[in-house]
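Asker: Given the sequences, and given the hints that come with them, work out the whole structure.
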Amino acid sequence: MNDDKRSASLAGAGRLSGGDYTRVSISGAGKVSGDIKAEALRISGAGKVEGRTEAMQIAVSGSGVFGGEVVAEEMRVSGAARIDGMARVKELKCSGSYRVKESIAAEYVKVSGVLRVGGDLEADLFKASGGFEIDGLLSADKIEIRPGGRCYAREIGGAKIDVRRGGHRERGILLDGLVRMFSGKGIAELGATTIEGDEIHLEDTVADVVRGKRVEIGPGCRIKVVEYSEDLTVHSSAEVDKQQKV
Amino acid sequence: MDDDRYISKKEVLEQMGISYGQLYRWKRKGLIPEAWFTRRSTFTGQETFFPRDKILERIRQIKEMKGDHPLDDLADVITQQVNEKLQVAFDQLRRLQWFDDSVLETCKIDRSRSTPLTIHETLCVAVLSQLRRSARTEELSLVQRTLDERLDETLLDRMTEERLRLHLLRKRLSGAGISAEISLVVIGPETIVLDPEIERVETVDLKHMIERIKLDLAREAQGGSPEEAPGRETEEER
Numbered sequence: 001m002n003d004d005k006r007s008a009s010l011a012g013a014g015r016l017s018g019g020d021y022t023r024v025s026i027s028g029a030g031k032v033s034g035d036i037k038a039e040a041l042r043i044s045g046a047g048k049v050e051g052r053t054e055a056m057q058i059a060v061s062g063s064g065v066f067g068g069e070v071v072a073e074e075m076r077v078s079g080a081a082r083i084d085g086m087a088r089v090k091e092l093k094c095s096g097s098y099r100v101k102e103s104i105a106a107e108y109v110k111v112s113g114v115l116r117v118g119g120d121l122e123a124d125l126f127k128a129s130g131g132f133e134i135d136g137l138l139s140a141d142k143i144e145i146r147p148g149g150r151c152y153a154r155e156i157g158g159a160k161i162d163v164r165r166g167g168h169r170e171r172g173i174l175l176d177g178l179v180r181m182f183s184g185k186g187i188a189e190l191g192a193t194t195i196e197g198d199e200i201h202l203e204d205t206v207a208d209v210v211r212g213k214r215v216e217i218g219p220g221c222r223i224k225v226v227e228y229s230e231d232l233t234v235h236s237s238a239e240v241d242k243q244q245k246v
Numbered sequence: 247m248d249d250d251r252y253i254s255k256k257e258v259l260e261q262m263g264i265s266y267g268q269l270y271r272w273k274r275k276g277l278i279p280e281a282w283f284t285r286r287s288t289f290t291g292q293e294t295f296f297p298r299d300k301i302l303e304r305i306r307q308i309k310e311m312k313g314d315h316p317l318d319d320l321a322d323v324i325t326q327q328v329n330e331k332l333q334v335a336f337d338q339l340r341r342l343q344w345f346d347d348s349v350l351e352t353c354k355i356d357r358s359r360s361t362p363l364t365i366h367e368t369l370c371v372a373v374l375s376q377l378r379r380s381a382r383t384e385e386l387s388l389v390q391r392t393l394d395e396r397l398d399e400t401l402l403d404r405m406t407e408e409r410l411r412l413h414l415l416r417k418r419l420s421g422a423g424i425s426a427e428i429s430l431v432v433i434g435p436e437t438i439v440l441d442p443e444i445e446r447v448e449t450v451d452l453k454h455m456i457e458r459i460k461l462d463l464a465r466e467a468q469g470g471s472p473e474e475a476p477g478r479e480t481e482e483e484r
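Protein chains in written order, with the working numbering: chain A, 1 to 246; chain B, 247 to 484.
What the hints contain is simulated information worked out from the structure, not anything from laboratory work.
Certain hints may be false.
Stated by the list, open to error - Below 27 Å or equal to it, Euclidean Cα-Cα: the simulated DSS-like pairs (lysine-lysine) are:
{"#": "1", "chain 1": "A", "residue 1": "Lys-142", "chain 2": "B", "residue 2": "Lys-275"}
{"#": "2", "chain 1": "A", "residue 1": "Lys-142", "chain 2": "B", "residue 2": "Lys-255"}
{"#": "3", "chain 1": "B", "residue 1": "Lys-417", "chain 2": "A", "residue 2": "Lys-142"}
Answerer: Next comes the structure, spelled out in structure tokens:
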């Protein structure tokens, strides 16, 4: 649409001024000063955007630092990405490390690496087989967690919440090492203060309160209070201090 | 929290017959403001409380409207204030279902007009279109004058916040062999207590009217016709 749109490629060490681009590729050490808008942004070296980033597609396989808000249709991170603002990404896939200072608003999030969120994470579908730490609320219609490391969200809420053992088995040795390095020892469990949903299945989960319509507390769980309105089953190896039908 | 002004999340779900999934989804869509969520420790652990009147009214509103409109549109309509600067292209208005051509004259709108209508004028057309069947011509023009002279930004805000209605009333006075009937227009809350001699002709829900205008225009702008609103629903709302 715009005539002065251009594509840019930084291969050595360099600096790029912000603006409107078609494709931007940073394979050396590159900095973008100001806000950037691009159809595709690819960082395979060490890249830093000092302002806001808006792109159709963002791929980070090296190390990417974003100084402001990130807005994208699709973002894939197999390296390490750090966002100092908020992330509004329709589809987010992270097999590396992803840190967001504020919140994430997405439709689909898949984490097989490690994710660290300073605020809330909101999506329609959330799938994790790695580790994560969310300081606020994790909310999605459907939440599927296979803890592959330490997983924590202060609060979890949605229609269907399904937590099962086995994330680390699907991961290769290398990635497993990475996840453990970031997320602490060999603990592969989920922690939360409250978990609320309509259909809940939990394994290897430690929580203060679980509230739901139909609740299954599976092996490896330690829950202080479970409140349910229709059904509750508790596995013989799970610990539930108090259960109450409401 | 033994405070009548607040209600726990559990009670909200039970009273309104909704699920956790719906509540969390509506929060994500911005239909329930973050500021309404208050976390408190109770004997069963952390619980979330809401301002009772606000949350119940909001959920009623969402349930009422979600059948006809996609959730994403609802957020704009429910949470945004009516914009004083909202402008409506005349030909856009003509295409709306409730539009009644015959009230234009009373609304003092020229049929060949090319400049867009203000929210005031649009509201006037909508209200008069609804009243046209039950009201007399001079009553329609009384309603028009009331809206024209009394409607300012404050009143516009109050219409949505306080859910104001427009009541059209008649009172017959008779004595000494003559009788006369006077018409009254009152903008106020839903329930007003009237003297027994006053007859209520019709009441218009102004808040609902404004919401409908906004929704219709939003949908019109997206190219859909107001009749075909395939309520895009997710799994659980079915």
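Asker: Against each hint, give a clear statement of whether it holds in the structure.
Answerer: Hint check:
{"no.": "1", "hint": "A/Lys-142 x B/Lys-275", "in the structure": "15 Å, holds"}
{"no.": "2", "hint": "A/Lys-142 x B/Lys-255", "in the structure": "20 Å, holds"}
{"no.": "3", "hint": "B/Lys-417 x A/Lys-142", "in the structure": "59 Å, violated"}
In this structure, only the earlier hint numbered 3 is contradicted, and the remaining ones agree with it.
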